[in-house]
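Residue numbers (our numbering), protein chains in the order written: chain A, 25 to 355; chain B, 572 to 703.
Treat the hints as calculated values from the structure; they're not laboratory data. As the structure is a prediction and not an experimental result, all values here were calculated from the model. Even for Gly, the Cβ is constructed at its ideal location relative to N, Cα and C. One or more hints might be untrue.
What the hints assert, rightly or not - One-sided excerpt, in silico: chain B residues whose CB lies under 7 Å from chain A:
| hint | residue |
| --- | --- |
| 1 | Val-658 |
| 2 | His-666 |
| 3 | Lys-672 |
As the list claims (entries may be wrong) - What the simulated footprint calls covered on chain A by chain B, stretch by stretch (three residues with Cβ under 8 Å from a Cβ of chain B suffice, anywhere in the stretch; the number is not a length):
| hint | stretch |
| --- | --- |
| 4 | 102-111 |
| 5 | 188-199 |
| 6 | 338-344 |
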Amino acid sequence: MIEILETGPFNTVQDLGRPGYRDIGVSASGAMDSLAVRIGNSLVGNDEGAAALEIQTFPFRLRFTERTGFAIAGTDGNPVLDGIELPAWCAFTAEAGQILELRQPPKLARAYVCVAGGVDVPSVMGSRSTSLRGGFGGYAGRPLVKGDQIIAGAASTNIPLPASGLAVVEPSIVLQDVFPSSPDGTLLIRALPAGEHGLFADDGKAFWDQTWRISSRSDRTGYRLSGDAIVPTETVEMRSHGVVPGVIQVPPGGEPIVQMSDANTAGGYPKIAGVIECDLWRLGQARIGSRVQFVRSSHAEARAVEKAVERYIADLRQTIPMVKRALKAMA
Amino acid sequence: MSEIDFSDPKTIAFLTEVLTAAGVDGLEISSASGKLRIVVSGGENHVSQAARASSKPAVINAPMAGIFQLRDSASADLPHSVAAADVLGFLRVGHVLVPLKAGHSGVLSRRLIEPGTLVGFGDALFEIEAQS
Chain A
25 MIEILETGPF NTVQDLGRPG YRDIGVSASG AMDSLAVRIG NSLVGNDEGA AALEIQTFPF
85 RLRFTERTGF AIAGTDGNPV LDGIELPAWC AFTAEAGQIL ELRQPPKLAR AYVCVAGGVD
145 VPSVMGSRST SLRGGFGGYA GRPLVKGDQI IAGAASTNIP LPASGLAVVE PSIVLQDVFP
205 SSPDGTLLIR ALPAGEHGLF ADDGKAFWDQ TWRISSRSDR TGYRLSGDAI VPTETVEMRS
265 HGVVPGVIQV PPGGEPIVQM SDANTAGGYP KIAGVIECDL WRLGQARIGS RVQFVRSSHA
325 EARAVEKAVE RYIADLRQTI PMVKRALKAM A
Chain B
572 MSEIDFSDPK TIAFLTEVLT AAGVDGLEIS SASGKLRIVV SGGENHVSQA ARASSKPAVI
632 NAPMAGIFQL RDSASADLPH SVAAADVLGF LRVGHVLVPL KAGHSGVLSR RLIEPGTLVG
692 FGDALFEIEA QS
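Whole structure, please, built from the sequences with the hints as guidance.
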């Protein structure tokens, strides 16, 4: 079992989300950095989609009440186990009584704690993700608070973690060729023109060319961007239509909103673009106040990025058990 | 037949010589009285005896084959003090990293392999001297 000793607001249980129920008004939810969850789970021998703790306010501390295999993924900060700094993107076995501390990451927004067996909370509509707006799923449908006791599921029968722990080369390094970066540190996020792109002058130039700032009115539902307002060339009355994570809407004020994991299921604002799925986790790790620019992409490029990410995950899921077996044989 | 005394320096020297001649990287013998590990590296012999406290430095060996990497550039400067739980570096296998824990507290005095080198099981990587 795991006991929460210290937590900020809005830290929740998340998995890869609850798609397929938007028609009845249920947001997909799920981790803001789904790639980190898939990697963390792979390290501890879980299915990719096992539930994890999403930590976005720090410091966060928990105590393992029994021997537990765990992995920390997503964050660029070093987790601290009983006062000793561990490498990032690493899995270790904690002994009973050990305390894990996560501090504010240096640059990124979120850290994920995966445990062998996964976080065992009831599955609601096929997912263990917390739906904050609905007040269901996850841990009692709410953010974690001090004193919460979290149960890890039965760990799979596969090979245990080596005593030395196990880490991975993080995706931003392995996949640096498929993720664009800018010399001044502005986050480059690829997007495709969406339904109402044509309503914006000069092929949406004002949207694509400027550097936006992620405003403080941003959360798991959506990122509000601040910058020079963009306005459509004509005012259109639109019926509400389906919305998914990644959709970039332009409300009347002209400052775009990027729908994120807890995206509304419907909306009526014009959609100028949609973030490609494989860049969503990078946006999910962007902090309030950081700068982002959208890069016009194509379906072909989006597919190529997706394939590269899938190759990386497939490689990890093959190599991790192989290394565990080798270390066990030679121990 | 009398038991071989593995704590006898003459025995250790003989075994080391045989291993070197045979081109074998290392040997580990466990017996009721303790454990003897001999690691042969680059013509030099690092003999560590785990059975009893020894003034000889502790050697950190590769737990499997992989590409040797340091944890970060700061850890490249030697010597510096380390705690037993510190991660000194990694062995890289594909995109997977096997942490190399110090296992002993003391002074990390030597790095025996250049970072980026492909090492085999048992290759000596670091030496840690007990702090007096």
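Evaluation of the provided hints:
{"no.": "1", "hint": "Val-658", "in the structure": "holds (6 Å)"}
{"no.": "2", "hint": "His-666", "in the structure": "holds (5 Å)"}
{"no.": "3", "hint": "Lys-672", "in the structure": "holds (5 Å)"}
{"no.": "4", "hint": "102-111", "in the structure": "holds (count 3)"}
{"no.": "5", "hint": "188-199", "in the structure": "holds (count 7)"}
{"no.": "6", "hint": "338-344", "in the structure": "holds (count 4)"}
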